[in-house]
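Participant: Each chain, letter by letter, is given below.
Protein chains: 4
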Amino acid sequence: MLQSTHVTEAPHVTDHTATPIERACVPALDSILGKPLRVLDDGFVRAVDYMGNDQAVVQAARVSYGAGTKKVSQDRGLIRYLMRHHHTTPFEMCEIKLHVRVPMDTWRQWIRHRTANVNEYSTRYSLAIDSASSTAVDRWRQQAMSNRQGSDGHLCVQQGQHLTQREQQLQQLSQEVYQERIAQGVAREQARKDLPLSTYTEAYWKIDLHNLLHFLRLRMDSCAQQEIRAYAHTIGHQLVKSWCPLVWEAFMDYHVNSMSFSVAETHIIKSLAQNSSPRAIEHAQQLGWLGRKDNGTLKTHRERQECEQKLLQLGFAIPWR
Amino acid sequence: MLQSTHVTEAPHVTDHTATPIERACVPALDSILGKPLRVLDDGFVRAVDYMGNDQAVVQAARVSYGAGTKKVSQDRGLIRYLMRHHHTTPFEMCEIKLHVRVPMDTWRQWIRHRTANVNEYSTRYSLAIDSASSTAVDRWRQQAMSNRQGSDGHLCVQQGQHLTQREQQLQQLSQEVYQERIAQGVAREQARKDLPLSTYTEAYWKIDLHNLLHFLRLRMDSCAQQEIRAYAHTIGHQLVKSWCPLVWEAFMDYHVNSMSFSVAETHIIKSLAQNSSPRAIEHAQQLGWLGRKDNGTLKTHRERQECEQKLLQLGFAIPWR
Amino acid sequence: MLQSTHVTEAPHVTDHTATPIERACVPALDSILGKPLRVLDDGFVRAVDYMGNDQAVVQAARVSYGAGTKKVSQDRGLIRYLMRHHHTTPFEMCEIKLHVRVPMDTWRQWIRHRTANVNEYSTRYSLAIDSASSTAVDRWRQQAMSNRQGSDGHLCVQQGQHLTQREQQLQQLSQEVYQERIAQGVAREQARKDLPLSTYTEAYWKIDLHNLLHFLRLRMDSCAQQEIRAYAHTIGHQLVKSWCPLVWEAFMDYHVNSMSFSVAETHIIKSLAQNSSPRAIEHAQQLGWLGRKDNGTLKTHRERQECEQKLLQLGFAIPWR
Amino acid sequence: MLQSTHVTEAPHVTDHTATPIERACVPALDSILGKPLRVLDDGFVRAVDYMGNDQAVVQAARVSYGAGTKKVSQDRGLIRYLMRHHHTTPFEMCEIKLHVRVPMDTWRQWIRHRTANVNEYSTRYSLAIDSASSTAVDRWRQQAMSNRQGSDGHLCVQQGQHLTQREQQLQQLSQEVYQERIAQGVAREQARKDLPLSTYTEAYWKIDLHNLLHFLRLRMDSCAQQEIRAYAHTIGHQLVKSWCPLVWEAFMDYHVNSMSFSVAETHIIKSLAQNSSPRAIEHAQQLGWLGRKDNGTLKTHRERQECEQKLLQLGFAIPWR
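Protein chains in written order, with numbering that gives the first Met the number 0: chain A, 0 to 320; chain B, 0 to 320; chain C, 0 to 320; chain D, 0 to 320.
No wet-lab data here; the hints were simulated from the structure. Keep in mind that this is a model prediction, so the values were computed, not measured. Careful, some of the hints might be misleading.
Chain copies aren't distinguished; within one or between two, either way the pair holds.
To be verified - As a list, the in silico DSSO-like pairs of lysine-lysine whose alpha-carbon atoms are at most 30 Å apart:
no.: 1; residue 1: 34; residue 2: 298
no.: 2; residue 1: 269; residue 2: 240
no.: 3; residue 1: 269; residue 2: 298
Just chain A, same shape as in the assembly (with noise of 0.2 Å):
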């Protein structure tokens, strides 16, 4: 149906006169559909249906781009393109489906994802889930003080028994407290109200690959919260990696290792790279990156800070040290 001189006729509309097709599968994947990955003291993972695969992308990138592309790129070399190239709409073709098993606490923080499908446990429907996530004495983390929500180090256990014991001392009593209230017949809906948010939840959730990748970008990075870190660690490299393995390596490539420069920071690369120093102080002066405190050391710059680690990353000296 397609006429033209340079470009074959699409392979999407002719093959649909064919045989009836089969559904997208993954071996990989299959061989763990089900199966629990633990996270955390008493949380889990697991993948419980999927669609799509790496050529489900590469399929709808195809309706989209024509089949000219196809002459230049085998799969691998499309998909990497449209990942670096910010075409994210053939990713939406494949979704996943897990089961998750997810302190409150974290829940919370995931649930603010909002592109998702969601069916979690319910309170009041059934009695909460008698488990609650612990903190072993030698983990519990130290507040961060450059980091306003980070943590940094943990405290030393002598502190950490106490504190373990007291996180015990209060689980049991929540424990406790709810267990009389469901006894003496209150509603169960508002028995759970003191629950602690360490108690674990259930749910399914679903989504769309493009939202799952966006979702692990923001919560496998290192200013997210260790909990959740912990479960976009499991999803990411167990479960997409067996999933879709090429997708996997260009969110690696392009997305999770690679760099990004602000305008600025390209214009003291550049003097850099052309060995011009004096130009880059130039430039982080016009910035006003380099006041100087009373005893000459530079202030605290958080912009400043940031460029400097970039700078190191790439092998430069930092010119106004």
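Assemble chains B, C and D onto chain A, guided by the hints.
Facilitator: Leaving out everything else, chains B, C and D in the frame of chain A:
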């Protein structure tokens, strides 16, 4: 892990330690997977992949609503309960991917449903599909007088012959101009600018079952334009019905073939149920429904007329006639 | 620019050449903007900003439905028509931003509505809000027997006194443990892990009017949990009603106080409307609604019982009783 | 209500007891509200309403990130921090409503952004807008050879004269056929079926700032089609820049004028930063980027060529040339 006096352990909590599971599948849909179902003169719809089935809805509901529902309801009962009470999230656990071929004019309406994933054939990358929907001499529809957005009956064949001939003339000129532009080296993205809306396009369209039913409810409706209604009927009665027969049955019973009454209509029916026509008339009077023209006939009043239709459908006489 | 024999030029096409326009505003809402409306023991809702009003809905509808509707409908009639016929997009043209303070337990339900924009108070960055919802001695609700997810009546005050005292004990210990962790230098993100679900959180929550009404329809419903219902009532009856009174009226008439009948119920009402109880009974029989226990009484059948409720509400006698 | 040793009370917790607040407003945008900004030959964009401003972003961020950020960052710094680190939710707190007039061909691309609220002019209810975009004799663009989806330079005026004349002929016939159908009583919904894609349509389009910036990033890009790029530039540089100048500046610095490097590119830059061309070449070799034709010249390799572009932009010599 659940402890309860009334409730046995929820199946989802225990069954995941078992041997690997298999993906939900539906033989009735598998047997037509990839098969194009013709719509209009040169369009089609075909299912390319899917995830989930009737049981996946039940499974998702059980994680939310708990094991307790198990004893009172078999799957069909539970699905019907969910549908009746607008518990929509379990239906989101099923997903289907279609490949469609549809005139751009119809696609403009289709694409307004924002909850789907879409990859459309690109006429920037590839030549436009060389096919446009055409109208048989007896299929020219007359503008409805009562309904500003609808059609009502057909023009006579004599008129139709002229109109169809002019349609051919226009489509032919459009095609010539497009070919000419391409031949002269005009960029495809610009060459396409005057293609008629009747030109066919193709797309992969992926959507969850809940949002698909919402689409079908609106687009199978008698107010929807005939062309998109044809696609909706094919998707509903041929694909969804094969895929999730229990869901489809519940959808038809509770949403497609159901009736809804405003608070005013409820009052009127209540009066009629108690054989009190005067009270019904009085109510309509108070609503301002019974204004009359100089000649004594009732003025046009859309809401009253809609109510009259419903009363007749229920077998009541219209009290104010 | 429009040419038509029947239709005068659409206002939106011409009026934009005029002098600068002003933003739609609503004095009734302006007068309470920023004012916290108390909900529960220490929660609130307050409107912080908004966009659009009743007229913005009309304006949007007119661009879709054209100038032709102008003659038949004033604003109220058009809004009611849109609401009655589920033409939902014009209602999306209004937007409101609320600042809410709500127990985390309630927030867990609230946040399931995915169409809103949300910024929640972060207990990673800042200390948790030092307030938890508490229960008065006479407000402990009893588990409903008929409805697995609801409550039904209250426990006696003697029981309540014990339960409230235990609630205080638990909330106090939770608070102590949290303070202790903070004092010992535990990272805030970890210190919060055992906070009770009754702890208050705050958020900015921004949503369009269509999706807000959907939220309210579900959360004002008698099946919704009392706590979120209290918030929904405040938002609906105090804020939305002030903001868009015509929309609110139509919403109440057509969606909140309306009734809906399945195809089966329609058949039964039809028989009753024609005074044919035997036909109604026959119909119920065929549906399998009239199974009887050994002692001759009707078996529990949820759908039949729902139908009975509706028949009584309409003033019909139940034919099979 | 907050208790903390380090943190002063969060402003959002206290300021809501004050006197009624006023809506955020932006005089610079108010002064052009409703004013159509011309785009293409007969299109426009005009802002009709808005909600929020730069300060609304800051306010939302402060509820999330707490009062602690207050001391280190003024508004500009906080906005830049949010933009740099992809903390996108505060930008969703601003909303704008545009009235646009755009050819259907361009609208087909525009509408693919699913996060907006839309009310489009209906050619079922009203007559189609009697205007189509036309092409000047010197504006016919040539198909790009290197980029399958783009254009590259213009055809000569002689060719252009012929093409423009044929365009007029086609648009005139289309218009005649449409008028004829309407005159004969064909339903508007069917009469429109062969309108050219160049026909103008109008819509209200409402979107939050985060999603608008996403739209602009994609549609201001040099890969976007010229027509939609013209709209995106007008929206960005004239409306958003007036509305939220600090957000706009940060968006340009960190997202529009920034550069991103894959893990492979990072390795190559690292080698060059340490003046080691051989290591850079070795790395490219391992990636398979340096395949050569029989005549010794490098084969086409899209990813290598993209990398070369970036190296030149940074002022590096290309090591393998």
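Participant: For every hint, state whether the structure bears it out.
Facilitator: Verification of the supplied hints:
1. 34 - 298: neither (52 Å within a copy, 41 Å between copies)
2. 269 - 240: Answer is between; shortest inter-copy Cα gap is 28 Å, intra-copy 36 Å.
3. 269 - 298: Answer is both: 24 Å inside a copy and 28 Å across each meet the 30 Å cutoff.
Hint 1 from the earlier list is the only one contradicted by this structure; the remaining hints agree with it.
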